[in-house]
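Model the full structure from these sequences, guided by the hints.
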Amino acid sequence: MALPFVLLVVLLGSSVQAASYRLQNVNPAVANVTIYPSLDMQGLNRDSCVSVAWEPNQPLWVCRDTQQLQSNGQPGIGVVSNTASYSGIPSDVSNPQALVLTSPQGFGSLFYQLEADECPEFGLCSDNSRWVGWPNTGPVVTFAFNGAVSAYQVLGRVHLNGLTQINDPDFSLYHVTSQTADPNTIPATNVSISGFWTSDEVGYGNDASVVANGYAYLYGATPSSGLAVARSSLTGFLGNLQDKSLYEYYVNGQWQAAVPGKNDSGVTLENTRSAQGTVYFSDKWNSFVWIGGDGFPNANFYISTAPNPEGPWTSPTLFYSGAVGDPNTLTYSTVAHPALTDGTGDYIFLSYSRVITNAEGVQVYDQPLLRVDWQ
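In terms of mature numbering (1 follows the signal peptide of the UniProt record, and there is no 0), the sequence shown is residues -18 to -1, 1 to 357.
These are calculated hints, taken from the structure and not from any lab test.
Fair warning: this is a prediction, and the values are worked out from it, not measured in the lab.
Heads up, a few of these hints could be off.
As the list claims (entries may be wrong) - Pairwise CB distance ranges (calculated):
1. A305 with N149: 32 to 42 Å
2. K266 with Q147: 30 to 40 Å
3. G90 with S176: 22 to 32 Å
Just so it is clear, CB atoms sit at the ideal spot from N, CA and C, and this is done for glycine as well.
Below, the structure written as structure tokens:
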């Protein structure tokens, strides 16, 4: 049933920021860091989880490769390339407890289904290559009201041989929907448009997103290891992101209607990095914030700020380095979790992925959680 236009405006307006931003110099400084126990996966061995505000006090998480842990601490047979969970909000900083990620759907099913040419159901091909649906960021929520949520995820169609990427991926657009706030019901997903961005274009939305000023701003990696940004006006029904006529692209310091090529001059935003990260708006600083890393093999967290989603972005500054995992293993996926905060901008939660040896002597994924309070 179509919603009245006035109601649509009110609902969409509730999810965006103010229309203008103040140019200012922001110098983030850490006041305190609190280490929480690692994320509690409830018997799952999971890689690289990211979160997004979904229902009040009920963030949605999407994770990469997931296995079920057996009673002896060993991961079971079979890997699911992406899964989803809910959590609550972390305990108070005075009593840091493990944040539990619940999976009411159980283990075994993909959250984002692979497509017909990606060796479904789980991406394992007869030549031992593998298709992966690895999310770098959570879905961008364009509508939320009374338990009903509409969101979109851009996902790279990546083909691997071992850990070597053997294709130049295009990017599909998935629709993510909830009809209820019931924490026992994981959202539904479907491929909305396969190959929404071609392999010659930036995968806008594959790497970060933020909703502000009546737009969804979608960030994607460029060949020069930076980020490019596009925006879609949230004027379509429930803020749909399928209509490319609503998109603009930031190139050479201005917005344009034509889709640029990923190698075009002026596409990459100055002072940005494509290493996995998060973009959000900080009320404390009246500024947009990027928090992310510098790639393998560490847990170095950098911060950059900008008065507008397109910039100008400050040069990233190192503000925290986390403990790495076992020797000769990688540490990565340094992300922020604004969905776990009260929205004031006074603090932020961070997580990253590493490999550790568990109590049973088995190497497994581990995702530390920490809270950074700002001066």
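A quick look at each hint next to the structure:
no.: 1; hint: A305 with N149: 32 to 42 Å; in the structure: holds, 35 Å
no.: 2; hint: K266 with Q147: 30 to 40 Å; in the structure: holds, 38 Å
no.: 3; hint: G90 with S176: 22 to 32 Å; in the structure: holds, 24 Å
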